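**Student:** The residues making up each chain are set out below.
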Amino acid sequence: MNELIWIFISALLVNNFTLSLFLGLCPFLGVTQKLETAFRLGLANIFVMVITALASYALNTWVLIYAPYLRLISFIIVIASSVQFVEMAIKKLSPELFKALGIFLPLITTNCAILGLALFSTNKGYGFVEGLVYALGAGGGVTLALVLLASVREETRLSNIPKLIEGTALNLIIAGIISMAFMGFAGLFGSH
Amino acid sequence: MSEEANIEEAGKEFLKGLWKENPVFVAVLGMCPALAVTNSAINALAMGVATMFVLICSSILVSLLRNAIPKQVRITAYIVIIATFVSVIDFFLAAFTPEIHKELGAFIALIVVNCLILGRQESFASKNRPFLAFLDAAGMSSGFTIALLSIGIIREILGSGSLFGFSLFGASFEPWVVMILPPGGFFTLGFLLLFFNWYIQRRNKRNALIAKSEV
Chain A
1 MNELIWIFIS
11 ALLVNNFTLS
21 LFLGLCPFLG
31 VTQKLETAFR
41 LGLANIFVMV
51 ITALASYALN
61 TWVLIYAPYL
71 RLISFIIVIA
81 SSVQFVEMAI
91 KKLSPELFKA
101 LGIFLPLITT
111 NCAILGLALF
121 STNKGYGFVE
131 GLVYALGAGG
141 GVTLALVLLA
151 SVREETRLSN
161 IPKLIEGTAL
171 NLIIAGIISM
181 AFMGFAGLFG
191 SH
Chain B
1 MSEEANIEEA
11 GKEFLKGLWK
21 ENPVFVAVLG
31 MCPALAVTNS
41 AINALAMGVA
51 TMFVLICSSI
61 LVSLLRNAIP
71 KQVRITAYIV
81 IIATFVSVID
91 FFLAAFTPEI
101 HKELGAFIAL
111 IVVNCLILGR
121 QESFASKNRP
131 FLAFLDAAGM
141 SSGFTIALLS
151 IGIIREILGS
161 GSLFGFSLFG
171 ASFEPWVVMI
181 LPPGGFFTLG
191 FLLLFFNWYI
201 QRRNKRNALI
211 AKSEV
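One line per chain: the protein sequences are A and B, in this order.
Quick note on numbering: my numbering labels position 52 of the first sequence as 52, and the sequence is numbered without any gaps.
Quick note on numbering: my numbering labels position 101 of the second sequence as 101, and the sequence is numbered without any gaps.
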């Protein structure tokens with residue numbers, strides 16, 4: 001049980017996917033103008049990550065022990081098709097949720113955080129439950145980072161900022177400061 | 001079209017990636033590797049070269065197959081092509097430079113989801129002749145490598161006081177450790193973009209002044 005809590009906290013804070021591993025930066029910089037959308041994208045991310053964790057576990061157990069060189073290709077295809085499948089299922093079951101997620105759902109396919117999750121949890125040799133907890137932690141971490149940056153950006157729109165620094169430069173510097181704050185979590189639980 | 005115009009056009013396709021449409025500094029594409037593996041110059045260079053190989057090979061192949069791939073499944077087809085070349089470079093690096101492969105870790109595999117590569121297939125290689133696609137890919141990936149290398153050099157000099165592993169300042173230098181940690185990546189790219197903004201604004205102002213004095 002302790003082990004699982006470690007995995008969760010480590011993925012959520014210490015090795016935060018966005019702020020210390022630099023995964024999923026495109027949505028991090030692209031869709032954080034509004035807190036609301038950033039939060040929804042985060043939820044969609046968690047959702048897809050959990051499905052990816054299940055799929056990559058299945059692939060690792062049944063297919064890739066026979067053909068390890070197919071790892072990358074099979075992961076990306078499974079991720080792309082499962083996102084497609086999830087999209088169709090949500091559209092059928094709950095049109096409201098589908099509308100709320102909008103374009104973000106298909107875009108998640110090319111989000112490096114998803115493939116990163118599959119690769120990292122394979123490299124670390126996580127089993128079924130561990131992989132699931134890792135996915136929840138990583139998804140939560142991505143959501144946390146999105147919400148934090150979006151909240152700061154909403155504030156910056158009200159302040160008087162020099163025209164020179166506006167845009168991506170400012171966002172990167174804000175992200176740097178948030179990331180610096182997250183460095184404070186390093187060393188939690190020793191080297192874990 | 002005359003021969004000369006052809007050469008000029010080809011040169012333009014190559015050069016645009018270096019500066020005017022630089023993937024990292026202007027288009028802000030491929031950010032994940034640009035920040036994640038640039039904590040030293042040698043890692044940045046390795047990443048740039050690996051990306052160059054994948055982008056050039058897959059651009060040529062996509063361009064050759066551009067009439068054979070059905071429109072509905074094109075994205076999936078591009079991804080499979082890209083993933084194949086990434087697997088090739090992944091195993092190549094693991095065999096010949098195991099140290100660098102270990103340093104870069106999963107980020108080599110993550111070249112698959114680099115939006116720069118998929119973006120070039122979708123917007124250029126799938127619509128142009130193989131030769132032009134090759135030039136476009138070479139230019140874009142050179143621009144990418146230059147951007148990565150400049151971030152890597154700044155971070156390595158400030159963060160560990162060395163360049164390509166050679167110590168620059170001797171033992172008395174106190175390294176600015178935060179620069180090789182994740183926040184340093186954000187800061188370096190942020191300040192580089194700030195510098196380019198400043199430069200472009202200054203140049204525009206000067207051009208406007210010159211235009212005014214000529215009138």
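The hints are simulated quantities; they were obtained by calculation from the structure and are not laboratory data.
Incorrect hints may appear among the rest.
To be verified - Looking from chain B toward chain A, a few residues come up when the C-beta cut is under 10 Å (computed): (1) I79; (2) T84; (3) G165.
Claimed, not checked - When the alpha-carbon atoms are kept at most 30 Å apart in a straight line, the in silico DSBU-like pairs for lysine-lysine are as follows: (4) A:K34 x A:K92; (5) B:K102 x B:K12; (6) A:K91 x B:K102; (7) A:K34 x A:K99; (8) B:K127 x B:K20; (9) B:K205 x B:K20; (10) B:K12 x B:K127; (11) B:K71 x A:K92; (12) A:K34 x A:K124; (13) A:K124 x B:K102; (14) B:K20 x A:K163; (15) A:K99 x B:K71; (16) B:K71 x A:K163; (17) B:K212 x B:K20; (18) A:K163 x B:K16; (19) B:K71 x B:K205; (20) A:K34 x A:K163; (21) B:K212 x A:K163; (22) B:K71 x B:K212; (23) B:K71 x B:K127; (24) B:K16 x B:K205; (25) B:K16 x B:K102.
Said to hold, decoys possible - Derived, one-sided and incomplete: chain B residues facing chain A with beta-carbon distance under 8 Å: (26) V28; (27) C115; (28) G190.
These numbers come from a predicted model, not from an experiment.
Glycine included, each C-beta is placed from N, C-alpha and C at the ideal position.
**Student:** Which earlier hints can't be squared with this structure?
**Tutor:** 3, 5, 6, 12, 16, 19, 22 and 25
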